[in-house]
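What follows is each chain in one-letter form.
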Amino acid sequence: MSRKEFMDRLEALLAVIPAEERSEALQFYTDYFEDAGEENEAQVIKELGSPEQVAAMIKADLKGDNSDSGEFTEHGYSDSRFDQKNNPVPRPNRYKRAEGGYTYHSTDGGQSYGKQGYGSDSYKNGEEYKEGPRTSKTLKIVLIILIALAVIPVGWPILLGIVGICIGLVCASFGLFAGLVIGALVLMGAGLFIFILGLTKIIAALPVALLTSGSGLIIFILGLIAVVASVRLCFIVYPAIFRCIVNICRWPFHRKAVS
Amino acid sequence: MVFNTGAALLDAIVLAVVSRESEGTYGYKITQDVRRAIDVSESTLYPVLRRLQKDECLEVYDRQFDGRNRRYYKVTEKGMAQLNLYRVEWKTYSNKINEIFEGGVTA
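Residue numbers (full-length UniProt numbering), protein chains in the order written: chain A, 1 to 259; chain B, 1 to 107.
Heads up, none of these hints are tricks.
Below, a list of computed lysine to aspartate or glutamate pairs in the EDC-like style, where the Cα atoms sit at most 20 Å apart: (1) B:K54 with A:E24; (2) A:K46 with B:D39; (3) B:K74 with A:E24.
No wet-lab data here; the hints were simulated from the structure.
Chain A on its own, in the form it takes in the complex (with noise of 0.2 Å):
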């Protein structure tokens, strides 16, 4: 398209509007043209578009003279009706896309739940988030006594076997830990045996007696020591034993709670 072209164009278009705002234009147009410079005519009439757009813009703004409206608000010229490039993706649409997306994804939810029997399609956003996990919940209860009943004969011996194997072993390290304590102590009491044995003898033989009382000494003190590293092992180990005794009776309740 020439500049003659594009003018006579604009021209044709604007007839609608009054004589004196069309002269204007033209004018302002051809200004336009001319300080562009012939060898920009091609740039100038890319950049402004088609005539017709040319020509809605001036309508337009001649309309909101009139009426005051539109053009002065915020979102303003550059988004409205005509400004074609470079105008990034109106927000709202774009939410609105987003919203469609998850709208979609969430009626999708509603009916996978439907195929398996439990709700309607009709379910909404919210209810439907409330309403998801109670059908879940059912249905692994179900699942849970349909296994149950399923594993009962087999399972009750095997079930029975593990709890006892379970509260041997608790004892077991009950009664390995309570006898290293009593271990301790009786070498510490027959430390203070000997060393007894010992002073009695100091008059018969003293050289026997020193020897006597003296490793007396030393196993009691090996005793005492032994005494208070086991109380001290039983004092780690024992709620740790315990604790974990209650977390395995808690386990299958607590689950059943969380689920």
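Using the hints, position chain B against chain A.
Coordinates of chain B only, in the frame set by chain A:
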């Protein structure tokens, strides 16, 4: 640019551009100057100039140039008052926005 230029801001920019020339300036130059700052279509500018002219913020006169009449735009007193109002508003507005954008760093 990702930010939309509202009508008021466009008016303010056009007034500011025109006011820089005490002798007034012409359509093509105004358009180029405005487009240096913001990305608006060239066809946007004429309606703005025309409206500012009707609102008596701009006055026009023709001057001989290169063997033809060229239309010049000049800011009127009312236009200057309007421009100053825009400047104040813009300062407040941009300060607030800056505060929000950069406040986390300076505060």
